[in-house]
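**Q** Using the sequences provided together with the hints, build the complete structure.
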Amino acid sequence: MHRQRTDLGSPPATVSRRQLLGAAAVGSTVAAADMNRLSLFSQSGLAGEIARGDKSVILLWLAGGASQLETWDPKPGRSTGGPFAKIQTSVPGIEISELLPKMSQRLNETAIIRSLNTKIADHGGGYALMDTGRRSEPGVEFPHLGAIIAHELAQRESQVPDHIEMYTSTEGRRKGAAGFLGARYNPMFLTDSMMPDNIQRLEAISDADHADRASLQQFLSQRFSRDVPHPAVDSHNAAYGRVRGLMASDYLFDVDREPQSMRDHYGPTQFGQQCLVARRLVEAGVPFVKVARAWWDSHGQNFETHRELCADLDHVMAALLDDLKQRGLLDKTLVVTMGEFGRTPKINGSLGRDHFASAWSCTLSGCGIRGGSVYGKTDEDGQTVIEGETGAGDLFATIFAALGIDHTKEYMLGSRPIPIADFDSFPIREILA
Amino acid sequence: MIHDSEDATDPPAGLDPTDLRRLAEWRSQDILFCIARAPGDPRLLVGSSDFGVDALDPTADKPQRQRFAGTGHHSYVTGLAIAGGQLISGSYDRQLIWWDLETGQQRRVQTAHDRWIRRLIASPDGKRLYSVADDMTCRVWDAASGESLATLRGHATETPHGYPSMLYAVAVSPDGRWLAAGDRVGHVAVWDTETFQQVATLEAPTMYTWDPRARRHSIGGIRSLAFSPAGTELAVGGIGKIGNIDHLQGPARVEIFRWREGERLQELEDETRKGLVEQMVWMPDGKRLLTVGGDHKGFLTFYDVGSGELLHQEGTGGHLHGVAIARDWQTLAVAGHQSIAEWTLQPPEEEA
Chain B
1 MHRQRTDLGS PPATVSRRQL LGAAAVGSTV AAADMNRLSL FSQSGLAGEI ARGDKSVILL
61 WLAGGASQLE TWDPKPGRST GGPFAKIQTS VPGIEISELL PKMSQRLNET AIIRSLNTKI
121 ADHGGGYALM DTGRRSEPGV EFPHLGAIIA HELAQRESQV PDHIEMYTST EGRRKGAAGF
181 LGARYNPMFL TDSMMPDNIQ RLEAISDADH ADRASLQQFL SQRFSRDVPH PAVDSHNAAY
241 GRVRGLMASD YLFDVDREPQ SMRDHYGPTQ FGQQCLVARR LVEAGVPFVK VARAWWDSHG
301 QNFETHRELC ADLDHVMAAL LDDLKQRGLL DKTLVVTMGE FGRTPKINGS LGRDHFASAW
361 SCTLSGCGIR GGSVYGKTDE DGQTVIEGET GAGDLFATIF AALGIDHTKE YMLGSRPIPI
421 ADFDSFPIRE ILA
Chain X
1 MIHDSEDATD PPAGLDPTDL RRLAEWRSQD ILFCIARAPG DPRLLVGSSD FGVDALDPTA
61 DKPQRQRFAG TGHHSYVTGL AIAGGQLISG SYDRQLIWWD LETGQQRRVQ TAHDRWIRRL
121 IASPDGKRLY SVADDMTCRV WDAASGESLA TLRGHATETP HGYPSMLYAV AVSPDGRWLA
181 AGDRVGHVAV WDTETFQQVA TLEAPTMYTW DPRARRHSIG GIRSLAFSPA GTELAVGGIG
241 KIGNIDHLQG PARVEIFRWR EGERLQELED ETRKGLVEQM VWMPDGKRLL TVGGDHKGFL
301 TFYDVGSGEL LHQEGTGGHL HGVAIARDWQ TLAVAGHQSI AEWTLQPPEE EA
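Each protein sequence line maps, in turn, to chains B and X.
Residue numbering for the first sequence follows this note's numbering, beginning at 1 and increasing consecutively.
Residue numbering for the second sequence follows this note's numbering, beginning at 1 and increasing consecutively.
The set of hints was computed from the structure by calculation and includes no laboratory data.
Computed from a prediction, not measured in an experiment: that's the story for all the values here.
All residues carry an ideal CB built from backbone N, CA and C; glycine is no exception.
Incorrect hints may appear among the rest.
To be verified - Listed below are several chain B residues computed to face chain X (Cβ distance under 7 Å; list not exhaustive):
{"no.": "1", "residue": "Thr170"}
{"no.": "2", "residue": "Thr269"}
{"no.": "3", "residue": "Gln301"}
{"no.": "4", "residue": "Ala311"}
Stated by the list, open to error - Distance windows between CB atoms, simulated:
{"no.": "5", "chain 1": "B", "residue 1": "Lys377", "chain 2": "X", "residue 2": "Arg258", "range": "51 to 61 Å"}
{"no.": "6", "chain 1": "B", "residue 1": "Gln200", "chain 2": "X", "residue 2": "Gly162", "range": "25 to 35 Å"}
{"no.": "7", "chain 1": "X", "residue 1": "Thr272", "chain 2": "B", "residue 2": "Gly124", "range": "25 to 35 Å"}
**A** Here's what the structure looks like:
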C-alpha cells in the first residue's frame, strides 16, 4: 500500500509542519529547506492541506469506561442486559438505551461502532491505546490523537490554540502528549478551571503597549531576516505570534459571553459548560478539543452511576450536536465519544460492571460521517464481537478519513516510517459519508 | 419485612441473635431483589433480575423455583407484597402486577409510576399498598381494586448537583398510621396515612456521597426504613461516606431517629462488613434491629439499638437485597446475588 510520508527529520519532531509551510510561503527560503521538507511538499499536496484547515474534532472522553450496554449497545432481557430498556431512535431499526432519549432523536447525525475489540482492560493501558491508536512501544513516544489532528489540521496563520484538553476531575486524569511530533503540539491542558492560566496580559502593560512591543519585535526580526536569513528567525516569529494569539484567545473560554439561553441549552453541569466552550473553540478554528467527563468506572452500582452520567451525556451531547448543526459547523466538526474501554456484560455482586475491552462501543457524529448508521455487532449477551471487529487503529483510520486526512500517511521518525493510523488499520467505509 | 402468619405463634421470648445459623441455600444465576412469604404458605416468593416472579418451596424434597405465569414484568422485579391473599409485584418497568397465589396466574397489570419502582410494601392490615419510585413519588393503592388513593410528594426530583434523584425506601408503622419514604440524598418524609399530610421530615445526609473532585458523580442513598414496634422510632439504613465511589466500600450505616421530634438517637456504622443496608427489621422487643445488605458480599447484622452495640453478625457470599421473617421468628429467608437462603434463630437443641 502506498503511504504518504511526512519526514520529521532527525532528531524526531524538531521540525514542525507549520514551519515547513511557513518556509513555503516565504518562497525565497524554500531553497534553504532541506530535502525532508521538499519531500513533504511534493507528496502531501499543499492545497489539500490548507483545504482541510477548517475541520475540527471534539472528543468527548468518557473517562473510566462507560458501559456499552447502558448506552449504544443495549441487550435488554438478557441476563447481562441490566434493567434498562432499549428505545427506538430517529433511524428505523436502530435502538439504543433508554438512558439516551435525546440522542435517540439525533441519531441521523451519528454513527455507532458496536464492535470495538481493543483487548486492553486496564485504565492506563486502555487510555494509551485509545488516545494513540496503537499499543505502546518502548523507546517511541507516539503522539496522541489531539496532537495528530493539530498537526494535520491546524492552519498556519491561526491565532488560536490548536490542541486543547479539558479534564477537571482528578481520577484518571492524563494529559495527552505530542510525542515525537514535538512539544509544539502538546495540549493546552485545563484542569482546575475552564480559563487557561497565565495568558492574561499583565495589568502593568496596556494593550497599546503590548501591541507596540509586538510591532517592534516584528520590525526587528524582519530586518534581521533580510540580513541573515535563517529558519530560526521564522520559528521565533511563529512562536511570538502564537503567544500573542493565545493571549488574545482568552475570550473563547469565557462562557459568560454566551447568552443565558445558550448556557441553559447546554445545562448547568460542568460537562455542559465545557462543551459550550468546546463549541466556541471550534467555531474560532481550534482543530481539536477534548472534553473529559469522568468518572464512569462503575464497579459498584453501575446502573445508578449510568443513570446520573448518561443523563449528563445525553443532554450535553444532544445540545452540542444541535448547536453545531444550527451554526453550520457540524459538517466541519467531528464529535467522537469513547473512553479507554467498555464494561463487562456480567453484573457483579455490587450491581456493578467491571472493565471490559473485548466488545464495546463508540460513536462518531458530524463531519464526514454517514449518520444513522451502525457498524459491527456483538452477540446476544454482548460478550463477543461477531461482526466487524474493530481495533483502535481502525477507529483512528476512520477518524482521519472522516476528516479528509489520508490515513495511509506516514511520519518518518529518523529512518523509520510510522503511519498515522497503525499498520494494517483501515477506515470503516460503511460509516463514512 | 415481617409477614403475618395466621398459624404462627408469637415470637418466643429470649430470641438470641447468636443462635443465627443458615439452614439451607439455593444458588442460581440471577439476582434476587426481594423476597416475601404468604401466611400459612411455606413457599418463598422472590423477584428476579430475569424479570420473573418465582416461588420456591423449601419443604419440597427437591426445592425448585416455579415461575408465576403471565406476560409478567419487563425489567428487574424489585418489590413484593402480600395483601388480601394476593401477591403484588413492582418492577423497574414501572408496573405493579397482581398475582393469584394459588394458581400462579397474573390477575392485573397496572402502570403505577413514571420511573423505576424501587420498593413495594403492604399496610399491616393488607388493605393498602405503598410503592416508591424514581419519579420521586410515594403512591398509595387500594390493594384489592388497584385504585390509586393518593400520590405523595416530598422528595426533590434532582440532587443538589443537578442529577436525577432516586427514591429507594418506604416503610409503614406497625399500627399502619405513619408512612415514611427515603431518597438518594438522605431525605426522609413521613406522612399520616389517614390524611396524607406530611407530618415530619428527617435528614440523613451522610448516606449520600457526592464526589465533586475526583469522579464527579454520586453514590449511596437511603436504602431501607423501618418503624419500631411502637412506631415512635424510625431506623434509616444506607451507607456512610465513601472515599472511592467506584465501589461500595463505605460503612454499612444505620441512623435511629425519634422521628416526631427529629431527634437522632444513634448513628451505627460497620466498617467490617461494608456496603448498603438494604433492609431492616426490628425484633419484637423493640430493642434490637436486624439489618441485611452488603457490597460484593453480604451480611446479616443484629444491633442493640439502645447501646448501639453490634450483637451478632454473619457474612454471606453474595450481596443480600431482602429478608422475609416469619412472625414466630423461627426462620429468616434472605434473597440476594445469585442466592436464596433460609436461616433460623432457633437454638440447635430445640430444633433437634
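**Q** Next, verify each hint and record whether it holds.
**A** Hint check results:
The criterion of a C-beta within 7 Å of any C-beta in chain X is met by B:Thr170, whose closest approach is roughly 5 Å, and the hint holds. Nearest Cβ of chain X to the Cβ of B:Thr269: about 6 Å, under the 7 Å cut. The hint holds. Interface hint status for B:Gln301: upheld, as the beta-carbon distance to the closest one in chain X is roughly 6 Å, under 7 Å. A hinted interface residue such as B:Ala311 counts as satisfied when its beta carbon comes closer than 7 Å to some beta carbon of chain X; here the least separation is about 6 Å, so the hint holds.
For B:Lys377 and X:Arg258, the hinted distance range of 51 to 61 Å is satisfied, since their beta carbons lie about 58 Å from each other. Taken as a hint, the range 25 to 35 Å holds for the pair B:Gln200 and X:Gly162, whose Cβ atoms sit roughly 30 Å apart. For X:Thr272 paired with B:Gly124, a C-beta distance near 32 Å keeps the hint of 25 to 35 Å intact.
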